[in-house]
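In our numbering, the protein residues as written are 2 to 196.
Note that these hints are calculated values from the structure, not bench results.
Hints are supplied without guarantee of correctness; some may be wrong.
[What the hints assert, rightly or not] Only pairs whose alpha carbons sit at most 25 angstroms apart, straight line, appear in this in silico BS3-like list of lysine-lysine:
id, residue 1, residue 2
1, 78, 97
2, 171, 184
3, 185, 123
[Claimed, not checked] Derived Cβ-Cβ restraints for the label pairs, each shown as a range:
id, residue 1, residue 2, range
4, 86, 108, 30 to 36 angstroms
5, 139, 86, 44 to 50 angstroms
6, 112, 189, 21 to 27 angstroms
7, 120, 162, 19 to 25 angstroms
8, 62, 112, 18 to 24 angstroms
Owing to the predicted nature of the structure, the values given are computational and were not obtained by experimental measurement.
Note that CB positions come from ideal geometry on N, CA and C, so glycine has one too.
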Amino acid sequence: MAYLLSITILSSILIGFTNSASWRSKEHQYNYRMSVIENGVTNKWMKGFQPCKDEVKACKKWKNNGQLNCNLKIIKKFCKDSCDVCRAEGPPLDCKVSKHGCCWDNSTAATGKFQQGCPACKDRYPDECKAFLKQCGREDIRIMCPQTCGVPCKTCEDDRHQHTICPLYKEHGFCTHSPILMKKVCSRTCGFCPS
Numbered sequence: 002m003a004y005l006l007s008i009t010i011l012s013s014i015l016i017g018f019t020n021s022a023s024w025r026s027k028e029h030q031y032n033y034r035m036s037v038i039e040n041g042v043t044n045k046w047m048k049g050f051q052p053c054k055d056e057v058k059a060c061k062k063w064k065n066n067g068q069l070n071c072n073l074k075i076i077k078k079f080c081k082d083s084c085d086v087c088r089a090e091g092p093p094l095d096c097k098v099s100k101h102g103c104c105w106d107n108s109t110a111a112t113g114k115f116q117q118g119c120p121a122c123k124d125r126y127p128d129e130c131k132a133f134l135k136q137c138g139r140e141d142i143r144i145m146c147p148q149t150c151g152v153p154c155k156t157c158e159d160d161r162h163q164h165t166i167c168p169l170y171k172e173h174g175f176c177t178h179s180p181i182l183m184k185k186v187c188s189r190t191c192g193f194c195p196s
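Taking the hints into account, I'd like the entire structure generated from these sequences.
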């Protein structure tokens with residue numbers, strides 16, 4: 002059977018290559034889109050990106066039928082996408098696109114829908130925090146000294162990086178068409194905050 006697949010692959014190559022390219026993984030594609038949405042630019046982890054593709058059209062069909070033997074070198078060479086040969090990890094997920102959103106510090110990903118896994122909302126260094134009271138405008142100080150700086154620990158706010166474009170997202174229907182993402186990015190503007 003493997004010999005037959007190898008012959009079929011070689012004959013398919015002689016007939017012509019497929020032009021269909023795919024992303025290295027669905028997560029990679031999603032992370033790329035989120036990066037562009039958030040930053041408006043392509044991040045450095047995307048430089049040098051090469052699409053992963055099968056060079057033989059039948060690879061996907063063989064995989065779906067359970068006939069693709071990715072242990073053979075020749076199969077791996079011409080069915081890279083179907084054999085997951087060139088899968089690469091994207092950048093780490095930002096808490097805004099994690100399953101349960103961000104914690105009060107807007108940087109830690111919650112592990113449960115009721116803020117499980119979040120750091121305690123208290124000053125980490127109570128004595129030192131008093132000395133930094135006048136520097137509460139700095140993000141790092143607000144995270145280290147939330148009580149001293151008056152940081153609300155359970156908030157329902159639009160993401161601090163995208164709050165200015167949340168009205169535009171709402172106007173274009175993102176609140177209704179992408180509610181899971183919008184609850185994390187524009188929760189106040191989209192009306193997802195509990196009353």
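Verification of the hints:
For the suggested pair residue 78 and residue 97, the alpha carbons sit about 37 angstroms apart, so the restraint of at most 25 angstroms is broken. With a C-alpha separation of about 11 angstroms, the suggested pairing of residue 171 with residue 184 holds against the 25 angstroms cut-off. For the given pair, residue 185 sits about 23 angstroms from residue 123 by alpha-carbon distance, which is consistent with the 25 angstroms threshold. Judged by the Cβ atoms, the range 30 to 36 angstroms given for residue 86 and residue 108 holds: they are separated by roughly 35 angstroms.
Taking the beta carbon of each, residue 139 and residue 86 are about 46 angstroms apart, inside 44 to 50 angstroms as hinted. Residue 112 and residue 189 have their C-beta atoms about 23 angstroms apart, which keeps the hinted 21 to 27 angstroms range intact. For the pair residue 120 and residue 162, the beta carbons lie near 20 angstroms from each other, so the given range of 19 to 25 angstroms is met. Look at residue 62 against residue 112: about 40 angstroms separates their beta carbons, and that is not inside 18 to 24 angstroms.
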